[in-house]
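Number of protein chains: 2
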Amino acid sequence: MRKFLPLILDAERRGITVLKLNVGDPDLSPPPAFLKAVKRYKGPQVPYAPSPGFQEHVSAWLTYYRTLGISLKPGELIPTVGCAEAIMYAMMAVTDPGDEVLVFEPFYPSYKSFAKMIGVNLRPVTLSLKNNYALPPTKDILARITPKTKAIAVVNPGNPTGTVLTAPERARIAEIAKKKNLFIIADETYRDIIFSGKPTTMLSDGSVLDRVIVVDSASKRFSLPGARIGCVISRNTDVMGAILRFCQARLSAGTLEQFGLIPLLKNHRAYVRMAAGRYKKRHDVAVQELKKIPGVIVKPAQGAFYLTVGLPVESSEDFTAFMLSDFSEKGKTVAVAPMPGFYWTPGLGRSDVRIAFVLNEGKMREAMRLLARGLAAYAQR
Amino acid sequence: MRKFLPLILDAERRGITVLKLNVGDPDLSPPPAFLKAVKRYKGPQVPYAPSPGFQEHVSAWLTYYRTLGISLKPGELIPTVGCAEAIMYAMMAVTDPGDEVLVFEPFYPSYKSFAKMIGVNLRPVTLSLKNNYALPPTKDILARITPKTKAIAVVNPGNPTGTVLTAPERARIAEIAKKKNLFIIADETYRDIIFSGKPTTMLSDGSVLDRVIVVDSASKRFSLPGARIGCVISRNTDVMGAILRFCQARLSAGTLEQFGLIPLLKNHRAYVRMAAGRYKKRHDVAVQELKKIPGVIVKPAQGAFYLTVGLPVESSEDFTAFMLSDFSEKGKTVAVAPMPGFYWTPGLGRSDVRIAFVLNEGKMREAMRLLARGLAAYAQR
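These protein sequences, in sequence, are chains A and B.
Adding 14 to a residue's 1-based position in the first sequence gives its number in the numbering used here.
Adding 14 to a residue's 1-based position in the second sequence gives its number in the numbering used here.
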């Protein structure tokens with residue numbers, strides 16, 4: 015995705031307004047309680063937080079998890095520097111260099127980077143847009159697992175797919191983990207951003223209590239990506255022991271933000287309901303407009319704030335570049351994220367793009383219409 | 015060090031005041047400009063910082079480095095989540111699993127953890143307290159280097175040693191790096207906390223421009239460990255390219271703290287001069303008192319805020335436990351850090367402890383006197 019940033023900057027230098035649907039940086043304001051709490055911070059010192067987190071902060075996460083029916087002890091949850099650190103430590107805790115982690119592609123690209131950083135290989139199970147990214151039959155998943163596979167990673171709700179795993183799908187993942195003796199790294203960053211039903215977590219499955227490692231974040235739930243606070247959760251004491259040692263090496267997560275997040279975690283419902291509602295409306299606008307465009311494949315998403323779209327083009331990367339470099343209408347264009355970057359297997363997702371719902375409904379509609387005109391212009395170029 | 019925390023907590027539960035000289039968490043208040051700048055932060059969004067840092071923040075670091083006579087371009091410095099992240103990424107950038115990094119022991123223990131996390135082995139060159147941790151002859155250092163050695167790590171000023179490398183020592187490290195084709199990971203977290211002379215940096219050595227990776231931090235310089243902002247610097251574009259990719263995977267360092275640090279980095283001198291002066295006075299008190307204790311080996315330090323001390327005991331770990339569990343005078347005792355944890359080689363530093371200058375002069379004196387009484391009681395137990 016990063017390679018298109020220069021094209022965006024270049025378009026802006028030429029005076030073009032770029033509607034940026036390419037990154038998942040929420041435009042919503044976070045709950046005001048966050049900056050209020052930070053600004054109430056007395057000081058004068060700004061000491062290290064304890065490596066396992068400030069007690070009050072951990073306790074606020076536990077309060078949040080109780081609303082999901084999950085009762086955790088303090089050592090079972092450690093705050094991290096965003097979900098990113100949680101993902102890396104979870105992978106490190108259950109693998110050695112040369113081991114493998116099963117992923118469902120398309121998936122959040124940082125997993126690739128972390129895998130490379132720690133010498134782990136990803137084994138992709140490929141999902142398809144046409145099938146709305148449903149899991150394939152269990153036997154097809156089992157076929158991808160080797161003796162070196164140590165964990166299955168699932169991002170649910172999915173980034174970039176916007177799909178939410180069904181209860182049977184979650185149960186199948188648990189079955190596979192038990193059958194093949196795997197850990198489950200469940201990335202539930204977008205848990206509360208769902209368009210219907212109640213938020214779920216792999217922590218609810220009692221049959222895999224000691225296999226599940228949940229990674230979570232305050233970034234998307236509270237529109238606070240710059241706070242860099244996430245957490246990692248497991249009831250497996252060996253896993254948490256290893257992760258605590260990693261956390262002790264890096265000392266601590268941010269002190270001010272741990273305090274700032276306490277009121278949000280203790281009382282999250284109204285905000286996440288509002289946020290999910292807004293993303294749903296934007297989603298609906300996007301789907302409605304996209305369905306009007308000839309040749310576009312679009313399936314409704316169930317959560318997160320992304321939609322993947324199949325376009326009538328051979329190369330979504332080339333089309334994305336075209337939109338930024340060669341197209342504009344009334345001084346405006348749209349930036350989207352080409353999907354090949356979300357796959358491990360080369361050559362997949364070539365016609366697809368991801369759009370993020372980070373602009374309001376009016377702008378989403380405008381962006382989708384610009385996309386339609388851009389596709390027409392691209393076809394005639 | 016962590017294994018003594020339960021003993022500290024237990025002593026405190028018994029009503030004993032523990033003078034804690036065991037951790038390097040500064041007691042000084044940071045410059046008030048930090049929290050002022052954070053509290054001026056407008057919001058409402060708290061977005062991701064760019065992975066290479068906010069431009070104004072990077073520019074403030076560059077201003078700081080210009081006061082050392084070092085002119086850096088923006089891409090040559092990336093803010094990190096504390097020095098910890100900088101150390102890990104520097105090591106990752108120049109090694110593959112199975113490679114080695116040369117370290118001078120005793121050294122900052124997080125290096126051990128990071129090495130284990132990324133599958134790298136440390137090759138220690140052992141320094142001695144009796145020799146005030148001077149570097150051994152070059153041939154002895156060269157003898158420790160193998161074809162798998164990719165870098166030399168130096169912590170200067172030293173934690174836990176408090177020693178500052180001399181200009182000839184720095185030149186020798188550069189020579190060794192050139193001769194053996196190694197990178198130099200120069201951890202200069204304590205650069206400005208020196209008791210005489212001017213702060214130095216390995217970045218000044220033009221002969222190893224493309225070999226030096228400096229890791230730095232705001233934590234100790236500005237007494238802001240909870241801000242979790244450090245940086246990594248290199249003029250080697252391949253190294254910085256690799257590190258930027260790691261930084262992109264983890265997305266960003268804290269947004270609020272990057273803004274908060276701008277005024278401090280732009281105008282650091284008065285504060286660091288004050289802080290270094292205070293640590294110097296505490297150091298002098300500690301040395302003065304320690305010299306009175308029979309059997310204690312103490313050499314003056316030149317910087318940082320640590321002193322390593324040889325005690326007339328067989329096991330500093332046992333003595334540290336004794337001080338916390340079996341000794342008190344007028345309801346008080348002292349916690350120190352046994353030195354074995356700062357070595358890679360098992361069995362070294364067994365009689366030694368590290369004390370951190372994190373209490374004021376009066377309390378330092380009191381702590382040293384308690385240490386003297388504790389030693390006497392320990393000898394007679």
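A couple of the hints might just be wrong.
Which copy is meant is left open, because identical chains are indistinguishable; a pair holds if it fits in one copy or across any two.
[Stated by the list, open to error] DSS-like mimics (lysine-lysine), calculated; alpha carbons at most 27 Å apart, straight line:
id : residue 1 : residue 2
1  : Lys87     : Lys17
2  : Lys280    : Lys56
3  : Lys162    : Lys130
4  : Lys153    : Lys346
5  : Lys377    : Lys126
Source of the hints: derived by calculation from the structure; they are not laboratory data.
**Item:** Hint check, failures only
**Value:** 4, 5
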